[in-house]
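Student: In order, the protein sequence lines correspond to chains G and S. First residue of the first sequence? That's 1 in our numbering, and the numbers climb one at a time after it. First residue of the second sequence? That's 1001 in our numbering, and the numbers climb one at a time after it.
Keep in mind the hints are simulated off the structure, nothing from the lab. Hints are not guaranteed to be accurate.
What the hints assert, rightly or not - Short, incomplete list of chain S residues facing chain G, as computed with Cβ under 7 Å:
no.: 1; residue: L1240
no.: 2; residue: Y1242
no.: 3; residue: N1246
Stated by the list, open to error - A partial selection of chain G residues facing chain S, derived with a Cβ cut-off under 10 Å:
no.: 4; residue: I87
no.: 5; residue: E104
no.: 6; residue: L105
no.: 7; residue: R127
no.: 8; residue: R128
As the list claims (entries may be wrong) - Pair ranges (Cβ atoms, derived):
no.: 9; chain 1: G; residue 1: P121; chain 2: S; residue 2: G1031; range: 31 to 41 Å
no.: 10; chain 1: G; residue 1: D27; chain 2: S; residue 2: G1176; range: 43 to 53 Å
no.: 11; chain 1: S; residue 1: Y1114; chain 2: G; residue 2: R148; range: 48 to 58 Å
no.: 12; chain 1: S; residue 1: R1353; chain 2: G; residue 2: G187; range: 40 to 50 Å
no.: 13; chain 1: S; residue 1: F1030; chain 2: G; residue 2: L125; range: 35 to 45 Å
no.: 14; chain 1: G; residue 1: D27; chain 2: S; residue 2: I1203; range: 51 to 61 Å
Values in this document were obtained by computation on a predicted structure and should not be read as measured data. Yeah, the Cβ is synthetic: ideal placement off N, Cα and C, and Gly gets one too.
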Amino acid sequence: MNAPVYGGNAGMASDYLEIRDLRVTFDGFHAVDGVNLTLLQGDLRFLIGPNGAGKTTLVDAVTGLVPATGSITKSGIELVGKKTHKIARLGVGRTFQTASVFEELSVLQNLDIAAGAGRSPWQLLRRRKDVLPEIEEALETIGLSAHRDTPAGILAHGQKQWLEIGMLLVQNADVLLLDEPVAGMSGDEREETGRLLRRIGAQRTVVVVEHDMDFMRAFATSVTVLARGKVIADGTVEEVQNDPQVQEVYLGTAAAVGSDGTDTFQEA
Amino acid sequence: MSVTFSPRSLTQPGPVRTAAGFALAALVLFGIAPAFLSDFRLGLLGKFLCFAIVAVGIGLAWGRGGMLTLGQGVFFGLGAYIMAMHLKIADAQLREDSVPDFMQIAGIRELPAYWVPFTSPFVAILAILIVPALVAALLGLGVFKRRVKGAYFAILSQALAAAFAILLVGQQSTGGSNGLNRFRTFFGFELSDPVNKRMLFFIVAAILLLVVAATRQLMQSRYGELLVAVRDQEERVRFLGYDPANIKVVAYTVAAFFAGIAGAMFVPIVGIISPADIGIVPSIAFLIGVAIGGRSTLLGPVLGAIGVAWAQTALSENFPSAWTYAQGLLFIVVVGFFPAGLAGLATVWRRRRRSRPAPPADDVPAATTELEPAR
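Looking at chain G on its own, in the form it has when it is part of the complex (with noise of 0.2 Å):
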């Protein structure tokens, strides 16, 4: 179980997330049409697509920030209807495009709220003495035990977004949704984010949405092509580089997005 690998590393008695028949709707707009998703620990999936693809929506609707119908199963217990804290506490993380961390509170604080969602008011109204050693774990996990007693506000960029994950990992979220992690990070920042994700994609089942597809070909096990609210791929990197039906979206779409190149599916 060292590496994240396709179609998971756990085999068939691991935790994993069953998204079945999902249905987003705004206002008469199918965000979210009919999605079919298999997560499995151990496998770093990357959900990509075109923009306004329903990547978000779904991530979304998972967490119980959007109403849904449809099905998502997390090792058999029943996500859709259920409040947002709840399916938090049954293990479900994510985190969003921009870093959202206190930014008046310190690393350590940050973590220390992060593991406490199950504390007890009498725990609640006591000092903070101790670092637990889970946070202590993570703090190593996410190389930010320099850090642990500054504010977070005045974390760098990558710093902000490296935190939330490690806010995932001491929560005990075993399924880590993970919205555009490295959306603005310096090169090194990507390397060392996406070496994270391996680390932590090895017991847990992660999914990252993303844009950069140098990143996502370097990092990911499995890949799930959205557009328009649909599945329209699902397999290995190379298994989706070659399907022509992502190469149309991509090449339909890349016009529209430019130069800049992030979007652009095949290598130039």
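Take the given structure of chain G and dock chain S to it, following the hints.
Tutor: Okay, now just chain S, sitting in the frame of chain G:
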């Protein structure tokens, strides 16, 4: 307009400085103030301390929790009217009348049913402690679970204060717009006796110290950190598995609890409670001291509330009409230019003095210029 504070401040100051701070406050309140102030001035200070107790709660709910509580008059009023009703009944019983004096004048021959429970001093005190908090908890659950926040919450709470005041104005059985006044005794003690007046001051001073100590513990606990997190990133907290509504309800309830106690103490100290003391204007006035003192700090609201109330008294003694303008101007200046209040100014000044010999100030990242609470 977010008020910032350094995370370090949650663990500072140390126990020694805290103990010294409380000892100093106790010395001022129990030693210096009664020794140097006339009975009249001491009574005034007691009234200001009541406002300070309300302010501590607002500091918690608004400064740390982000809930702009524009209607604390409701909870202040609930506590005050319960206390006043009990005092009126007790006075009537001393005269061996069946109803308080103002009811006789209004032609009410029998004690209204909702007054009866407050005949018992224990029920009255229990109700003062429970009713405002319970109302706030139920209201908070209804409002925060529905994710009503920001300006909508502020308008709602203000409307409630207005409605409560209007309701009371129309009630013959609570003295209408005159309210309840002319209390003779306080749990058997003659209120005209200077010794008892002084005792009232000591009681309210002790309550203030307890309230500050309890709030300090709340602010420094894990709950306090969580409350700040909810204030700044409510949705993020939800995705960590908490229901932010519950966290906000607690702070709102605690603030109401404090306001209720303050209202109850206001009655024997000031000698009157009327709808004019609990409506929109007093509810906003509660806020002004908090904003000026520094809303996200522990002591800023206390000192701000006492300072503003003192300035109001001093100014309106000399320039009766000027105060309202001065108060409005002060509020605008503070909210517009010093959102962290005077506590924030003090920190900036302290930091400047400290960093003067240090290398270029440009080195400091923008986000580190945050403001710490006054200690």
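Student: Evaluate each hint against the coordinates.
Tutor: For each hint, the structure was consulted:
Taking 7 Å as the C-beta contact cut-off toward chain G, the hint placing S:L1240 at the interface holds, the least distance being around 5 Å. For S:Y1242, the interface hint holds, since its Cβ comes within 7 Å of a Cβ in chain G; the closest pair sits about 5 Å apart. With a cut of 7 Å, the hint placing S:N1246 at the interface with chain G is violated, because the nearest CB-to-CB distance is about 9 Å. A cut of 10 Å between beta carbons decides the hint on G:I87: the least distance to chain S is about 9 Å, and the hint holds.
Because the beta carbon of G:E104 sits about 5 Å from the nearest beta carbon in chain S, less than 10 Å, this interface hint is met. At a threshold of 10 Å, the smallest CB-CB gap from G:L105 to chain S is about 5 Å, leaving the interface hint in force. Annotation: G:R127 was flagged as interfacial toward chain S, and the flag holds, the nearest CB pair being 6 Å apart, inside 10 Å. For G:R128, the interface hint holds, the least distance from its beta-carbon to any beta-carbon of chain S being 5 Å, beneath 10 Å.
Hint check: G:P121 to S:G1031, Cβ distance near 38 Å, so the stated range 31 to 41 Å holds. A C-beta distance of roughly 52 Å is found between G:D27 and S:G1176, which places it inside the suggested range of 43 to 53 Å. Look at S:Y1114 against G:R148: about 56 Å separates their beta carbons, and that is inside 48 to 58 Å. At about 43 Å, the CB distance of S:R1353 to G:G187 agrees with the hint of 40 to 50 Å.
With their beta carbons about 28 Å apart, S:F1030 and G:L125 fall outside the hinted range of 35 to 45 Å. About 60 Å separates the C-beta atoms of G:D27 and S:I1203, a value consistent with the hinted range of 51 to 61 Å.
Of the numbered hints stated above, those contradicted by the structure are hints 3, 13, listed in ascending order.
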